[in-house]
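Undergrad: Chains as they are written, first to last, in full-length UniProt numbering: chain A, 1 to 326; chain B, 1 to 553.
Everything labelled a hint here was simulated from the structure, so no lab data went into it.
Nothing here was measured: the structure is a model prediction, and the numbers come from that model.
Keep in mind that a hint or two might mislead.
Once the Cα atoms are required to be at most 27 Å apart in a straight line, the calculated DSS-like pairs of lysine-lysine come out as [unchecked claim]:
(1) B/K68 / B/K86
(2) B/K342 / B/K364
(3) B/K68 / B/K22
(4) A/K129 / B/K86
(5) A/K129 / B/K118
(6) B/K118 / B/K86
If you anchor each label on the Cβ, the simulated ranges turn out as follows [to be verified]:
(7) B/P391 / A/D76: 53 to 59 Å
(8) B/D14 / A/V319: 38 to 44 Å
(9) A/S171 / B/E82: 54 to 60 Å
Only part of the chain B face toward chain A is listed, based on derived beta-carbon distances under 10 Å [what the hints assert, rightly or not]:
(10) P60
(11) L84
(12) K86
(13) M94
(14) V95
(15) N101
(16) L103
(17) R107
(18) T108
(19) Y149
(20) P150
From the three backbone atoms N, C-alpha and C, an ideal C-beta is built for every residue, glycine too.
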Amino acid sequence: MRYYLGKIGLFLLTLWAAITVNFLLPRMMPGSPADAAIAKLSQNGPVTPEMRASIEAQLGVPTGNPFQQYIQYLNDVVHLNFGISYSNFPQSVSSLVSTALPWTLVLVGTVTILSFIIGTMLGAAMAWKRGSLVDATGSVSSSFFSAFPPFWLALLLLFFLGYVAKAFPTSGAYAATSVPNLSWSFLVDALYHSILPGLTILITSLGSWVMGMRNNMINTLGDDYVTFAEANGLHQRTVMLRYAARNALLPNLTSFGLVLGGVVGGSLLVEQVFSYPGIGMLLFQAVTNQDYPLMQALFLMITVSVLVANFIVDILYGVLDPRTRR
Amino acid sequence: MSLLHIDHLSIEYDTPGTEPVKAVHDVNVDLEQGEFVGLVGESGSGKSTLGFAITALSRPPARVSEGKVIFDGVDISTLNQEELRKQRRGGFAMVLQSGMNALNPVRTIRNHFMDIFKAHEHVQKDRREARAKELIEKVGLPANTLNRYPGELSGGMRQRVSIALALSLDPKLMVFDEPTTALDVLVQHEVMNTIRELQKSEGFTAILISHDLGIVLESTQRVLVMHNGRIVEDASSREILEHPKDDYTKMLLSHYGDPRAEHVSVPGLRTRENANEAYKENAHAEDNRTALTVSHITKIYPAHKRGDGEVRAVDDVSFTLDPGQSLALVGASGSGKSTIAKMITAVENPTSGVITLGSKHIEKMHRGRDLRALRSDIQMVFQDPYAALNPLHNVEYILSRPILNYTKLKGSAARNRMLELLEFVGLTPVEQFAAKLPHQLSGGQRQRVVIARALASDPKVLIADEPVSMLDMTLRAGILALLDDLRVRLNVSMLYITHDLLSARLITDNIMVLNQGHVVERGETSKVLQHPHDDYTISLLDAIPKLQVGEQA
Numbered sequence: 001m002r003y004y005l006g007k008i009g010l011f012l013l014t015l016w017a018a019i020t021v022n023f024l025l026p027r028m029m030p031g032s033p034a035d036a037a038i039a040k041l042s043q044n045g046p047v048t049p050e051m052r053a054s055i056e057a058q059l060g061v062p063t064g065n066p067f068q069q070y071i072q073y074l075n076d077v078v079h080l081n082f083g084i085s086y087s088n089f090p091q092s093v094s095s096l097v098s099t100a101l102p103w104t105l106v107l108v109g110t111v112t113i114l115s116f117i118i119g120t121m122l123g124a125a126m127a128w129k130r131g132s133l134v135d136a137t138g139s140v141s142s143s144f145f146s147a148f149p150p151f152w153l154a155l156l157l158l159f160f161l162g163y164v165a166k167a168f169p170t171s172g173a174y175a176a177t178s179v180p181n182l183s184w185s186f187l188v189d190a191l192y193h194s195i196l197p198g199l200t201i202l203i204t205s206l207g208s209w210v211m212g213m214r215n216n217m218i219n220t221l222g223d224d225y226v227t228f229a230e231a232n233g234l235h236q237r238t239v240m241l242r243y244a245a246r247n248a249l250l251p252n253l254t255s256f257g258l259v260l261g262g263v264v265g266g267s268l269l270v271e272q273v274f275s276y277p278g279i280g281m282l283l284f285q286a287v288t289n290q291d292y293p294l295m296q297a298l299f300l301m302i303t304v305s306v307l308v309a310n311f312i313v314d315i316l317y318g319v320l321d322p323r324t325r326r
Numbered sequence: 001m002s003l004l005h006i007d008h009l010s011i012e013y014d015t016p017g018t019e020p021v022k023a024v025h026d027v028n029v030d031l032e033q034g035e036f037v038g039l040v041g042e043s044g045s046g047k048s049t050l051g052f053a054i055t056a057l058s059r060p061p062a063r064v065s066e067g068k069v070i071f072d073g074v075d076i077s078t079l080n081q082e083e084l085r086k087q088r089r090g091g092f093a094m095v096l097q098s099g100m101n102a103l104n105p106v107r108t109i110r111n112h113f114m115d116i117f118k119a120h121e122h123v124q125k126d127r128r129e130a131r132a133k134e135l136i137e138k139v140g141l142p143a144n145t146l147n148r149y150p151g152e153l154s155g156g157m158r159q160r161v162s163i164a165l166a167l168s169l170d171p172k173l174m175v176f177d178e179p180t181t182a183l184d185v186l187v188q189h190e191v192m193n194t195i196r197e198l199q200k201s202e203g204f205t206a207i208l209i210s211h212d213l214g215i216v217l218e219s220t221q222r223v224l225v226m227h228n229g230r231i232v233e234d235a236s237s238r239e240i241l242e243h244p245k246d247d248y249t250k251m252l253l254s255h256y257g258d259p260r261a262e263h264v265s266v267p268g269l270r271t272r273e274n275a276n277e278a279y280k281e282n283a284h285a286e287d288n289r290t291a292l293t294v295s296h297i298t299k300i301y302p303a304h305k306r307g308d309g310e311v312r313a314v315d316d317v318s319f320t321l322d323p324g325q326s327l328a329l330v331g332a333s334g335s336g337k338s339t340i341a342k343m344i345t346a347v348e349n350p351t352s353g354v355i356t357l358g359s360k361h362i363e364k365m366h367r368g369r370d371l372r373a374l375r376s377d378i379q380m381v382f383q384d385p386y387a388a389l390n391p392l393h394n395v396e397y398i399l400s401r402p403i404l405n406y407t408k409l410k411g412s413a414a415r416n417r418m419l420e421l422l423e424f425v426g427l428t429p430v431e432q433f434a435a436k437l438p439h440q441l442s443g444g445q446r447q448r449v450v451i452a453r454a455l456a457s458d459p460k461v462l463i464a465d466e467p468v469s470m471l472d473m474t475l476r477a478g479i480l481a482l483l484d485d486l487r488v489r490l491n492v493s494m495l496y497i498t499h500d501l502l503s504a505r506l507i508t509d510n511i512m513v514l515n516q517g518h519v520v521e522r523g524e525t526s527k528v529l530q531h532p533h534d535d536y537t538i539s540l541l542d543a544i545p546k547l548q549v550g551e552q553a
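All chains, please: the whole structure from these sequences, using the hints.
TA: Here it is, written out as structure tokens:
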């Protein structure tokens, strides 16, 4: 129990630190968004104090002392109020994020989990049959495919399967004519659109799980408890799953936590290539348009989700590995 | 018909691209029901390879190249995987060397038993819990051990659990592969007692594989001596002890001695009297080396968990180490011996007390110039020569570092010093050894490099922490002789940390016995070991396998 309480405490502390850093950083940077806008405007002629005032009013220059600002900021964070986007004026940042988030979560999230599960099982099977044809083929193709840059594979798939073969749509998350809803036909259409980007992410991420699991498992297969389990005549299945794979899984879980946290950041390049309206696209837009409120909200969200994912993995570790609980 | 019949068995290690290495050569053995047989040999003799072959656990690259193993009338190589798995109940079982790691860290002890019961279904479902309890109590553990995870048990307890698990298979034959090697002396003694009692009460046939002839003779009725893959002698324990025929067996026997005896000697090592003569002859009078004085040091570690008490690792220990003196610090693991070494080398600072080397106060050193000077005055020889050398550097580099760092020698003078050190520790031809990498050296050679490295800075005090415990019996004498020689020729004083009382008797003049951080007994080594007063010293001495045949032979 103390283990879990400690983990919760640590999580809350880092969460607070992340949120606070997100408050401090923009204030420590030289200049302000208003200055940037004014600098652009001044190329076309002098900027009058009135123009400056109106720009500042539009962008919302902070008032009050830093402590009051901090309290106001915390209040805003709790209410998910991140202000108005510059690039999509006058939409609020939270509405932009909440439209993009489901697409990324469903696509990148599902594929990441799928990739972890398939990769781990494949890696375990290869280690169990190490030296066999399955192992050799698996090892070679894992390193081959994980060496592919995702955006390049995305372009290949787009060109051959999308453009040449016309088997899959080449852009978007759903047909341009439909409006997002929960009807059966729309879901099928969305799934159809997600196959190419999903495949890209799956193929490029699978290899590292396969190789990671295979190498861990080859180590655990050499451990004495596996030999001893075999000497005791346990079923092969039990030895493979409950003894070897179960222990080999633990180190892989840590990397899974990190990757899972990164899911919310979207897959920037892949989403870009397929014009997929997820967080990756949004982040790209925010950066190119210097949309500070949007960027700040996205960075905060990515940080928080990495923390949450790691927290979940920590808790899971406690459940799965009795040695960490003490 | 015998229970186990090994017929012209040869085993090769077959690594692709290289010549196969023959690990076991034409072994013929018959084992009768109920026999307790010892299999003795040094590392690399093929004893474990043979053990694994008998229990059908050989893994590539090991391969049976000739002959067969017939167990209970069946050639085990003809069994398919499922038949083999099934016969592991009521057939042969194995207890592995490092019992510490033989248990799955993420499963409770109860689950380990249940896995076996499920795999063989030889115990009724409603009887399983009771049977597990019965077995765990049989090896001398409380029933609540079943709820624990392996990580919560000590090494000795884990090895007992492995024995109980192997027993749960109702085996006809049990193979114990170095079952107590990784354990502490006192624990080792108790676990061996349990194994002997079980063998008698359960009546299984047993093979005890060990490098320690003492343990084997004490337990078994018959001994197989293995050397370079061959069984060189197969005779009753009494025969082996009283009339050994093979030269190798004789050589093994000659390296044993009883530390309690009036005179103790081992080939390759001079007696204490001769060593002290030699020390006096090498006039060290002009040497104004200073003594290491330890007075009233105590080390207290904070509690591991809230609620636990603090740990007094070392409690009010005082001693003086004069130049050229050799002092043994003995005790079981956890007695505080290594903590004392850490404080003398200023790796840790004592909670209270004073340590001085001449005018230097070691207990207050943290970093900087003082500590650097200290490092050149006090050097360590480590226990594990395999871990103490950086595998990426050759011997020349390893030895040159301390020479360049701690002496004023440079260039060819430094190189000459390096070669001189190699010569001193007996690694000749020196040029050849200088170019070698650690993995190209044997364990004994590596330990010589470690000693040469410790000597490079011309230290006044050498701390040797179990320097021979990882080495084979026959290699130990050489290393011990070298350590003793340092004192005689270089006037280095030595703190010899060990749990092995025989080696302490062989190379030290004074001894301190440590128990839970306290010095319980001290004095001249030969006197203390011949006439021990403290119960703890007596129990340490009793735990040593004596070269005598056990009662069951």
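Undergrad: None of the hints should be skipped; say for each whether it holds.
TA: Here's how the hints hold up against the structure:
{"no.": "1", "hint": "B/K68 / B/K86", "result": "20 Å, holds"}
{"no.": "2", "hint": "B/K342 / B/K364", "result": "13 Å, holds"}
{"no.": "3", "hint": "B/K68 / B/K22", "result": "16 Å, holds"}
{"no.": "4", "hint": "A/K129 / B/K86", "result": "22 Å, holds"}
{"no.": "5", "hint": "A/K129 / B/K118", "result": "24 Å, holds"}
{"no.": "6", "hint": "B/K118 / B/K86", "result": "12 Å, holds"}
{"no.": "7", "hint": "B/P391 / A/D76: 53 to 59 Å", "result": "57 Å, holds"}
{"no.": "8", "hint": "B/D14 / A/V319: 38 to 44 Å", "result": "43 Å, holds"}
{"no.": "9", "hint": "A/S171 / B/E82: 54 to 60 Å", "result": "55 Å, holds"}
{"no.": "10", "hint": "P60", "result": "8 Å, holds"}
{"no.": "11", "hint": "L84", "result": "8 Å, holds"}
{"no.": "12", "hint": "K86", "result": "7 Å, holds"}
{"no.": "13", "hint": "M94", "result": "4 Å, holds"}
{"no.": "14", "hint": "V95", "result": "8 Å, holds"}
{"no.": "15", "hint": "N101", "result": "4 Å, holds"}
{"no.": "16", "hint": "L103", "result": "6 Å, holds"}
{"no.": "17", "hint": "R107", "result": "7 Å, holds"}
{"no.": "18", "hint": "T108", "result": "8 Å, holds"}
{"no.": "19", "hint": "Y149", "result": "4 Å, holds"}
{"no.": "20", "hint": "P150", "result": "8 Å, holds"}
Comparing the model with each numbered hint stated earlier shows that all of them hold.
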